[in-house]
Amino acid sequence: MENLGRRKFLTSAVLGTATTVVGATALGSLAPETAFADDKWMLEPDAVDPDFAEGRITGIQGSMLMVTGSDRTFHRIQVTGGTSIWKLRNTTFDEAEVGDGLYARGARMPDGVLAADAIWLNIVNLQTHIVAINRDVLHLDHHGHRIVGHVVSGTTAAVYNGTPAISDLSLLQVGKHAQVIGAWRPDTNEVDIATVYAAAA
Amino acid sequence: MEVLVAAVLVWAAVFKFRGGSQRSALGKIVGEHRVVTVFRLIGGVEVLLAAGLLVPNPVGKWAAFAWFLGLLGYLSWARVAEPDSSCGCLSDKFAPVGVRALARAVVLAGMVVTAELLPWYAVIPGAVAIVVLSAELDGYWLIPLRRWKVKLLHPLGNTEFHIPVTSTVQQLHKSQVYQSAYPLLRSDVLDTWDEGEWRILTYSAERDGERATAVFAVPRDRYDPEAVRFALA
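Residue numbers (full-length UniProt numbering), protein chains in the order written: chain H, 1 to 201; chain Z, 1 to 233.
No lab work stands behind these hints: they were computed from the structure.
From the three backbone atoms N, C-alpha and C, an ideal C-beta is built for every residue, glycine too.
Please note: incorrect hints may appear among the correct ones.
[Said to hold, decoys possible] Using 35 Å as the maximum straight-line C-alpha spacing, the simulated DSBU-like pairs for lysine-lysine come out as follows:
(1) Z/K61 to H/K176
(2) Z/K28 to H/K176
(3) H/K87 to Z/K174
(4) H/K176 to Z/K174
(5) H/K87 to Z/K28
(6) H/K87 to Z/K151
(7) H/K8 to Z/K174
(8) H/K176 to H/K87
(9) Z/K61 to Z/K28
(10) H/K87 to H/K8
(11) H/K87 to Z/K149
[As the list claims (entries may be wrong)] Residues from chain Z that keep clear of chain H, each with C-beta distances beyond 12 Å, as calculated:
(12) A7
(13) F17
(14) L48
(15) A109
(16) A115
(17) P119
(18) V123
(19) I143
(20) A217
Working from the sequences, and respecting the hints, build out all of it.
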């Protein structure tokens, strides 16, 4: 219910029926130069980005994620109400599970906790060939390894030749190249497909 | 039967004289710069073996048998040591060493030694077996077959029509409003819902050190990035 109220409030904010609106024009200069003049993104080429974390969730305590990186670094990641969570689609914190792979970006606190702005769970980006197509399943070849791609009705989208995404996947062809952004099902060779990029013949 | 095996050997030899496969595991044994030479040598041996099979004599038969057993050994090694390498047997098409490549070596070896025991028409299932076991030839029969099946059954045609969120996000990225508000954004899409003809997307934002929610309203059913509306709340 709280969520619905918030949505209603934000809707009225952007569509302009409420009084508390701060319009884009009321914000002063929004030119990109002002933001990028700030040099806090500058890093040495070989430096570790402190505001980024990668790994797999080994524990969840309240709104804190315990993550072990692939180089065995241990991260504590704090999730807040303002943290975006992606797991096949934008979702909420309760979909995070122990075992999920993760990329997180945020701000490193003095105590070493990463206060996350955005978290992507199990996200993969695969350059593949379509080997076979069955009902709601794409069999993909990824450098000689088979991957099973599941089509999720209502979520999976296709981008053909760089045109806007559509829900119609019927132009995909066996034997053709396809780039797949999806959510890996941990410890399997299966992914749920978020977006597939292909050339339409 | 010998003719069939000899034909396969000549086919393999012709491919190898043309330079061989770039992704075979051979480079690991002999060194990358010698791969082409080694491929030509192997091609020469294969032509000799083919000739030995066509001239009836026991040596040629057993030499070919030994050759295929050697191939089986090499492929088994490549499968373990270089799982990403191509078979490099019959064509430059990438065909990882799999069960089929191993089975083909076994079938060829078996055909050589049993040739005299089998009637002549055993050539037909033999040839079919070699084609089926050759991953290099999939492009000629397996892929058309699978395309034909997709054309008949439309396995992906049953999804109901909707506008994917990805599409809305793409449209948003094209809008002037988003491009100027982008430096304020701190997160990926937080939440999204539909409101009449609009799709609302929210992001977390930060302005002058204060956290806020950036709200975008994007036309859902039409492509009009100029119409995108924005508010900070």
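Tested hints:
1. Z/K61 to H/K176: Violated, at about 42 Å.
2. Z/K28 to H/K176: The hint holds at about 30 Å.
3. H/K87 to Z/K174: Holds, at about 24 Å.
4. H/K176 to Z/K174: With a Cα-Cα distance of about 28 Å, the restraint between H/K176 and Z/K174 holds, given a limit of 35 Å.
5. H/K87 to Z/K28: violated, 41 Å
6. H/K87 to Z/K151: holds, 32 Å
7. H/K8 to Z/K174: Roughly 26 Å separates the two Cα atoms, so the pair holds.
8. H/K176 to H/K87: Answer holds: H/K176 to H/K87 is near 27 Å, not above 35 Å.
9. Z/K61 to Z/K28: holds, 30 Å
10. H/K87 to H/K8: holds, 24 Å
11. H/K87 to Z/K149: Roughly 32 Å separates the two Cα atoms, so the pair holds.
12. A7: holds, 27 Å
13. F17: holds, 26 Å
14. L48: Answer for Z/L48: holds, closest chain H Cβ roughly 32 Å.
15. A109: holds, 25 Å
16. A115: Non-interface label on Z/A115 holds, nearest chain H Cβ at 34 Å vs cutoff 12 Å.
17. P119: Non-interface label on Z/P119 holds, nearest chain H Cβ at 36 Å vs cutoff 12 Å.
18. V123: holds, 30 Å
19. I143: Since the minimum Cβ distance to chain H is about 4 Å, Z/I143 lies within 12 Å and the statement is violated.
20. A217: Per Cβ check, Z/A217 is inside 12 Å of chain H; nearest 4 Å; violated.
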